[in-house]
Amino acid sequence: MRHFARGFSLIELMIVVAIVAVLSAVAVPQYQDYLTRARWSVNLTQIEPFKLAVAECLQLEGGLAGACDSAEKIGLTALPSPQHSTGELTLASSGDDTIIATMTGNAKAGDCVVTLTGTLTDDVLTWGLANTDNGVDPACTRQRTGV
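Numbered per the UniProt record's numbering, the sequence shown finishes at 147, counting up by one with no gaps.
No lab work stands behind these hints, which were simulated from the structure alone.
Misleading hints may appear alongside valid ones.
[To be verified] Below, computed lysine to aspartate or glutamate pairings styled on DMTMM-like, alpha-carbon distance capped at 25 Å: (1) Lys73 / Glu61; (2) Lys51 / Glu61; (3) Lys51 / Asp123.
Could you build the full structure based on these sequences and the hints that come with them?
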């Protein structure tokens, strides 16, 4: 009676390992970018009350951005400090109709700096977003951060 070997041959195992390696090489960077975008999404969601407070302040102050360029002026005890940032937002005004808020992401969020620019036009406040690399991570692009 003949006994046949059971199991996988070495070449079959090597092929499976090679396939897993190729799939991992493609999936891991995409997953890292996904996590970074998710962290920035959390940051932006956590500053929504701040944006609402700025809009309310601008409405009450007749659209003068200089009257709404600090936490106290917009009715907050402190500026928000999103979960994936290095600290509080910084806030400034530019002219009579522009509010500029800057947020720096932590290392897990790519060390990017996101600038929110609120512009008041015809009594409507619109927010624009831009990001820069903070001199640390040159890959701070919209594709990477979602901002």
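Given pair status - Glu61, Lys51, alpha carbons within 25 Å: 15 Å, holds
Distance restraint between Lys73 and Glu61, which requires alpha-carbon spacing of 25 Å or less: Within the cut-off at roughly 10 Å; holds.
Lys51 paired with Asp123 [C-alpha distance capped at 25 Å]: 15 Å, holds
The structure agrees with every numbered hint stated previously.
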